[in-house]
Amino acid sequence: MSKLYKYRYLIARRATQIGLLFLYFAGNAWGWKVLQGTLSSSELFGAIPLADPFAVLQMLSAGAVMGVNVFIGAAIIILFYGVVGGRAFCSWVCPVNMITDLANWLRRKLLLDKVERKVWVSRNARYWVLGLSLVVSAVTGLAAFELVSPITIFNRGVIFGMGMTGGVLLAIFLFDLFGVKNGWCGHICPLGGVYSIIGKYSLIRVAHNEPNCTLCMKCKEVCPESQVLYMIGKKSQIVDMGECVNCARCIEVCDDDALGFSIRDFAKSKSKGEIQ
Amino acid sequence: MNTQNPKKEVKPKITERRRFLTIMAQSVGLSALGGIIWTGYVEEAKASPLLLRPPGALPESDFLRTCIKCGQCAEACPYDTLLMAKPGDGLPMGTPYFIARDVPCYMCPDIPCVPVCPTGALDQESVSSEKDGKEVLDINKARMGLAVVDHESCVAYWGIQCDACYRACPILGQAITIEFMRNERTGKHAKLVPIVHADHCTGCGLCEHACVTEKAAIFVLPREVAMGKAGDYYVKGWDKKDQERIKQRDLKKLTTETERSAKKPQDYLNMDEELFDE
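As they're listed, the protein sequences go chains A and B. For what it's worth, this note's numbering labels the leading residue of the first sequence as -4, then goes sequentially. For what it's worth, this note's numbering labels the leading residue of the second sequence as 14, then goes sequentially.
Simulated from the structure, these hints should not be mistaken for laboratory data. The reader is advised that the hints may include incorrect statements.
Unchecked claim - Across the chosen pairs, the derived CB separations fall in these ranges:
#, chain 1, residue 1, chain 2, residue 2, range
1, A, Met159, B, Pro122, 32 to 38 Å
2, B, Val168, A, Thr11, 28 to 34 Å
3, B, Val149, A, Ala21, 30 to 36 Å
4, B, Gly101, A, Val29, 26 to 32 Å
5, A, Gly156, B, Gly53, 23 to 29 Å
C-beta: ideal position from N, C-alpha, C; glycine also.
Isolated chain B, as found in the complex (with noise of 0.2 Å):
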């Protein structure tokens, strides 16, 4: 060991100013860390599934922000219908949901559990109707899911009486009709099909609870999953309800915007440099 030399090792001095940057570099640096695996989190919770809210929940992502996970819609069903979201469901944590197989919604007309949320994450006004001037609290109105039917599995589809659904659903006759179809492999007998009506059906999962097939043959999606849209090309031109919707629309989007179409036709006919150049 050279212990003549009289060189020192020069420390680098460590002063505060050093200090204070570095444990602050440090601490956001382990914060945004934090924050990545956090926010990855977040999104695959919010990312699941297919779950039904409670009556008069506002859009799902709207739904999510604002329910503060009290609980209070849960505690006041009566048939214990609504369950909230604990660690092992892999849903969202702590928000209320229900499975319409294991307890549908059985539609209360005074939706005990719509007026007790707190931040309106249930929205009263989305589940009342105006009667006589006043605001009535109106369960038709709640739009939890849509019914939807597997024809495959269905035994009405089959050419087998069942009406189960039918007689089940809180809206007979209008969310679910009865529709006569040729049964084609008899020749001579009607099958007696239920079809579901998205402007009635509230998703309210009786008829899924109802259901005789071993797993539910309809049951109850979310609207946005079950749904498709038309868009503003389609109308009925017919139904002067349709037209008003098409009146709502954005004017200036009826043309497609291409990089071509921002020149005139005559110009971009006449223009060959482009032609060449490829």
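In isolation and in its complexed conformation, chain A is listed as follows (with noise of 0.2 Å):
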């Protein structure tokens, strides 16, 4: 029992992940209506509109003309993760994070961080790859990164059947288990970038309580974005970074109940500002 409340947010995640992929490949196949289309853009309940923004950003760039759902649909997307879930699709909603998850577990396991040849590749790789994407999109007239995207690429695979979707899951699989660590997901995935963006000022955070922290660093090792944490053991403060994806295994590791989830507080951040 304990060990399920250990790894509850884990196994939130993974039902999330796991539930919306079925859902998906529910409305195709049986025609269900609770969620139809794909993750670059469906319908919820068979009325409201959800898309994918950085889809949406794509196309315009590319010259596209479109109707208004998908805006509407862009804007919910963009209201709900700006608003609350912060980078949260990249780690409960994003299929690829099964991958590069299992990918990481394996690193820890075989201990290749500490043995391993390494790769380095910036974490901002990501938002120039977002630059680039919208300058290709606009050179070429077709969304660039949406014709690759391996997140779309494996949840229609799901959906409609995967074809050679193995290969390109398996070529992330192998670039972040043996080339950088974290390395699609916290250095590549434009969409993840879009995420960072959109969700730095959301209300859900991690916060850190300093006086009870003993230093372990068990979070640290397990953070897919480790720089967020820049502020264990020195002081109390939410993770204000955008490129959390508040995964909350630093929560779950931690032993000393020095991390946990707290909404932000702008008045009290603020005032708190003056106080120092």
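Reconstruct the complex from the two isolated chains, following the hints.
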């Protein structure tokens, strides 16, 4: 039971990720009107449009003239992650996260981080890829990242049949396992970059309670974006960087109750600033 | 080793500004490299192939930029005609298409695949017509492609009787008609051959699906591939509608501009210098 509690967020995340894939699959296979479409654009309960804001942005850059539904859909998504979820898409929805988490887990088990040659890619590479995908979209007249995005390829594979999708996923798995730690999700993926920007000021935040911290650094070891935990053992505050995916792994591994979810309090953080 | 050399190696000083500029140059350079490869890949994917899009699809280049690859059209299709291009298909990834020989478009009157399109890549207006002052869906207006007959392998052109495509056609007697043709080989029989009419054919592919030959002798191609264009220089003088087409042409383009035509004939005919130069 305590073990279940220990992995409560991980279990909830996997349930969400697989549950969403299942709903998409059921939407196609049995016509369930819960979630139809794919992660790039879908319809919730047969009425509410949802759309990937990054896909819409690329299509605008490619010069597409689109119906109003996709803009409403993108606005709903931006509002949800911008106000509530932060970058939670990456760890709670995106199916590729399961692949990269597996690679990352294997890295820790095989001690790859300690032994292997280091390949260095900047954490900011995703923002360059993000900009680049808009440029390539404009030049080619086709949403460039959408054409190669392993996220929607995986998603569509589950819904409409896999084909050679496994090859794409294996490539990402190998890159994350033997190439760069958290290479895809934490360095390259421009959709992660987009949600980092959208979710920067969201309400749900991981918060650090410094007095409880014993500096065991388990949280930093497990964190897929470990730079966001810069305050560990230094200062009680919320994780304020947009790159935090709200996966809550740090909360689970902490044995000292030094990390937990909290709601961002704009007023409080302001008044604190005055005291300091 | 000369350890007594008083001259120390002067290390170049790395200023913050130099560091910043170098990193920027590196990032921009690598992005440009990535961009070139990426653009090349996208252009390759775009250049691919002969595929049939769902009814109401915009012209291919507009369709490619407007389709968000959500698959709602494929989900709405009751016959599982529409497929979503996946890795390994060698087609623009994630876009809907169909293979008429496997599963053709059965031309549902309510066209369930079109209204669900969230972006308008499948244009409802292009498959609607006015009826009693109301816009109603009209699948007969769909132009997914055009059926083309290969006279060499169509057994009807051999003189063997077959009208499988004609019978399968949902716009029977209009999109495909059967025409008489003298059988020169026997000298006393007629061949009954299928003729496709582009102004009625929707490209649904039911004919291709029904064709009896091992590889279909009648098959649907994208319209821009299957059709030529007469252009503005040829007009059906007996056809009012075709004359309307010519009225919309750009009158400025009626004369062909060449280097010589810029001058008046009496000018260029009298200018012999150019001749001597050569």
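> Against which earlier hints does the structure fall short, listed by number upward?
Replying inline: Violated hint (a single one): 2; every other hint is consistent with the structure.
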